[in-house]
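As they're listed, the protein sequences go chains G and U.
This note's numbering puts the first residue of the first sequence at 216, with every later residue one more than the last.
This note's numbering puts the first residue of the second sequence at 5, with every later residue one more than the last.
Possibly wrong hints are sitting among the right ones.
Stated by the list, open to error - One-sided and incomplete, this derived list gives chain U residues near chain G with beta-carbon spacing under 8 angstroms:
| hint | residue |
| --- | --- |
| 1 | Leu50 |
| 2 | Ser93 |
| 3 | Phe95 |
| 4 | Asn101 |
| 5 | Met102 |
| 6 | Gln111 |
| 7 | Phe113 |
| 8 | Pro115 |
| 9 | Gly116 |
| 10 | Arg118 |
| 11 | Thr120 |
To be verified - Once the Cα atoms are required to be at most 27 angstroms apart in a straight line, the calculated DSS-like pairs of lysine-lysine come out as:
| hint | chain 1 | residue 1 | chain 2 | residue 2 |
| --- | --- | --- | --- | --- |
| 12 | U | Lys68 | G | Lys319 |
| 13 | U | Lys18 | U | Lys68 |
| 14 | U | Lys59 | G | Lys319 |
| 15 | G | Lys327 | G | Lys231 |
| 16 | U | Lys18 | U | Lys45 |
| 17 | G | Lys253 | G | Lys327 |
| 18 | U | Lys68 | U | Lys24 |
| 19 | G | Lys285 | G | Lys327 |
| 20 | U | Lys18 | G | Lys319 |
| 21 | U | Lys24 | G | Lys218 |
| 22 | U | Lys45 | U | Lys70 |
| 23 | U | Lys59 | G | Lys253 |
| 24 | U | Lys24 | U | Lys59 |
| 25 | U | Lys24 | U | Lys45 |
| 26 | G | Lys319 | U | Lys45 |
| 27 | G | Lys327 | U | Lys45 |
| 28 | U | Lys45 | G | Lys218 |
| 29 | G | Lys319 | G | Lys285 |
| 30 | G | Lys231 | G | Lys319 |
| 31 | U | Lys59 | U | Lys45 |
| 32 | U | Lys24 | U | Lys70 |
| 33 | G | Lys253 | G | Lys218 |
| 34 | G | Lys218 | G | Lys327 |
| 35 | G | Lys285 | G | Lys218 |
| 36 | U | Lys70 | U | Lys18 |
| 37 | G | Lys285 | G | Lys253 |
| 38 | U | Lys45 | G | Lys231 |
| 39 | G | Lys319 | U | Lys24 |
The hints are simulated quantities; they were obtained by calculation from the structure and are not laboratory data.
C-beta: ideal position from N, C-alpha, C; glycine also.
Here's the letter readout for the chains.
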Amino acid sequence: AQKVTQAQTEISVVEKEDVTLDCVYETRDTTYYLFWYKQPPSGELVFLIRRNSFDEQNEISGRYSWNFQKSTSSFNFTITASQVVDSAVYFCALSEVYSGGYQKVTFGTGTKLQVIP
Amino acid sequence: GAVVSQHPSWVICKSGTSVKIECRSLDFQATTMFWYRQFPKQSLMLMATSNEGSKATYEQGVEKDKFLINHASLTLSTLTVTSAHPEDSSFYICSVNMWTSGRRDEQFFGPGTRLTVL
């Protein structure tokens with residue numbers, strides 16, 4: 216069974232500070248995908264990134280960066296120079312590929328980020 | 005543009021009534037759709053996998069007679085909450101796996117439906 220752990224329930228930072236959201240996962244599969252989603256108060260999930268298990272390269276997209284380390288089963292997310300608009304709940308998720316090609320996604324419990332102006 | 009739509013976006017109903025939520029894939033045919041439930045301040049929990057033309061696969065602890073899923077076409081899956089009660093009040097989200105050549109496999113989520121049962 217797959218499992219995603221986001222140990223940080225809530226984080227508060229002052230605007231312009233950097234913040235890292237932690238994500239640790241468990242899976243027995245060798246092929247899987249990892250995701251980060253943002254959920255603002257409106258509720259709609261906003262896709263941020265998908266990474267497959269064979270690609271351990273770190274990725275940077277603007278103020279966002281992700282650190283994927285298979286050795287520690289972690290997929291951490293860093294926001295640089297945080298802004299008030301970054302305030303949301305962030306979910307880390309893991310999917311395994313089943314026969315037929317479809318994926319089942321397991322979500323972590325989420326980290327609520329509050330950026331204080 | 006949006007890939008997955010849900011209707012309605014929110015619904016308020018009386019206890020004991022049934023509520024139908026629609027999930028549509030807008031630009032492609034989806035043989036598999038997923039239904040999630042999210043209680044306030046909690047994570048998304050997979051309820052069931054909806055398979056076009058066959059019975060849905062429910063996760064452990066989800067009552068199949070309570071949450072009826074119909075995937076009658078490649079673009080539409082419906083979730084009916086039967087005899088809804090206040091404890092069924094939640095945010096229901098569907099998702100679709102898109103698997104087409106040139107696009108790889110991606111997961112798209114609908115905007116969600118907020119159900120409030122009085």
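Here is how each hint holds up against the structure:
With a cut of 8 angstroms, the hint placing U:Leu50 at the interface with chain G holds, because the nearest CB-to-CB distance is about 7 angstroms. The criterion of a C-beta within 8 angstroms of any C-beta in chain G is not met by U:Ser93, whose closest approach is roughly 14 angstroms, and the hint is violated. Hint status for U:Phe95: holds, given a least beta-carbon distance of 6 angstroms to chain G, under 8 angstroms. Because the beta carbon of U:Asn101 sits about 5 angstroms from the nearest beta carbon in chain G, less than 8 angstroms, this interface hint is met.
Here the hint on U:Met102 is broken, as its CB sits about 10 angstroms from the closest CB of chain G, past 8 angstroms. Evaluation of the U:Gln111 hint against chain G yields a held restraint, the C-beta minimum of about 6 angstroms falling below 8 angstroms. A cut of 8 angstroms between beta carbons decides the hint on U:Phe113: the least distance to chain G is about 4 angstroms, and the hint holds. The restraint placing U:Pro115 at the interface with chain G holds, with a minimum CB-CB distance near 5 angstroms, inside the 8 angstroms limit.
The restraint placing U:Gly116 at the interface with chain G holds, with a minimum CB-CB distance near 5 angstroms, inside the 8 angstroms limit. At its closest, the beta carbon of U:Arg118 sits 7 angstroms from a beta carbon of chain G; the interface hint therefore holds under the 8 angstroms criterion. Taken as an interface hint, U:Thr120 does not check out: its beta carbon lies about 13 angstroms from the nearest beta carbon of chain G, beyond 8 angstroms. For the given pair, U:Lys68 sits about 19 angstroms from G:Lys319 by alpha-carbon distance, which is consistent with the 27 angstroms threshold.
For the hint linking U:Lys18 to U:Lys68, the alpha-carbon distance of about 21 angstroms falls within 27 angstroms, and the restraint holds. Straight-line distance between C-alpha atoms of U:Lys59 and G:Lys319 comes to about 17 angstroms, which keeps the hinted pair within the 27 angstroms bound. The straight-line distance between the Cα atoms of G:Lys327 and G:Lys231 is roughly 17 angstroms, inside the 27 angstroms bound, and the hint therefore holds. Taking the CA atoms of U:Lys18 and U:Lys45, the gap is about 23 angstroms. The hint holds against a cut of 27 angstroms.
Restraint check: the Cα-Cα separation between G:Lys253 and G:Lys327 comes to about 10 angstroms, which is no more than 27 angstroms; the hinted pair holds. A C-alpha spacing of about 14 angstroms is found between U:Lys68 and U:Lys24, which places the hinted pair at or below 27 angstroms, so the restraint holds. Proximity of G:Lys285 to G:Lys327 is assessed by CA-CA distance (about 25 angstroms); at most 27 angstroms being required, the pair is judged to hold. A hinted pair counts as satisfied when its Cα atoms are at most 27 angstroms apart, and U:Lys18 with G:Lys319 does not qualify at roughly 33 angstroms.
Proximity of U:Lys24 to G:Lys218 is assessed by CA-CA distance (about 30 angstroms); at most 27 angstroms being required, the pair is judged violated. For the proposed pair U:Lys45 and U:Lys70, the alpha carbon gap of about 23 angstroms is at most 27 angstroms, so the pair holds. The straight-line distance between the Cα atoms of U:Lys59 and G:Lys253 is roughly 32 angstroms, outside the 27 angstroms bound, and the hint therefore fails. Proximity of U:Lys24 to U:Lys59 is assessed by CA-CA distance (about 17 angstroms); at most 27 angstroms being required, the pair is judged to hold.
Pair hint U:Lys24 plus U:Lys45 holds up; C-alpha atoms about 24 angstroms apart against a cutoff of 27 angstroms. Our distance criterion of 27 angstroms between C-alpha atoms is met by G:Lys319 and U:Lys45, whose separation comes to about 22 angstroms. The straight-line distance between the Cα atoms of G:Lys327 and U:Lys45 is roughly 9 angstroms, inside the 27 angstroms bound, and the hint therefore holds. Between U:Lys45 and G:Lys218, the direct Cα distance comes to roughly 19 angstroms. Compliance with the 27 angstroms bound is thereby established for this hinted pair.
Of the supplied pair hints, the one linking G:Lys319 and G:Lys285 holds, its CA atoms being roughly 20 angstroms apart against a limit of 27 angstroms. Proximity of G:Lys231 to G:Lys319 is assessed by CA-CA distance (about 36 angstroms); at most 27 angstroms being required, the pair is judged violated. For the suggested pair U:Lys59 and U:Lys45, the alpha carbons sit about 31 angstroms apart, so the restraint of at most 27 angstroms is broken. Restraint check for U:Lys24 and U:Lys70: satisfied, since their Cα atoms lie roughly 12 angstroms apart, inside the 27 angstroms limit.
Taking the CA atoms of G:Lys253 and G:Lys218, the gap is near 19 angstroms; set against the 27 angstroms cutoff, the hint holds. With a C-alpha separation of about 19 angstroms, the suggested pair G:Lys218 and G:Lys327 falls inside the 27 angstroms cut-off, and the hint holds. For a cut-off of 27 angstroms, the pair hint linking G:Lys285 to G:Lys218 stands: about 15 angstroms separates their Cα positions. Between U:Lys70 and U:Lys18 the CA atoms are separated by roughly 16 angstroms; this keeps the pair inside 27 angstroms, and the hint holds.
Taking the CA atoms of G:Lys285 and G:Lys253, the gap is about 23 angstroms. The hint holds against a cut of 27 angstroms. Straight-line distance between C-alpha atoms of U:Lys45 and G:Lys231 comes to about 26 angstroms, which keeps the hinted pair within the 27 angstroms bound. In summary, the hint linking G:Lys319 to U:Lys24 is supported, as the alpha carbons are separated by about 23 angstroms, within the 27 angstroms threshold.
When the structure is compared with the earlier hints, violations turn up for hints 2, 5, 11, 20, 21, 23, 30, 31 and for no others.
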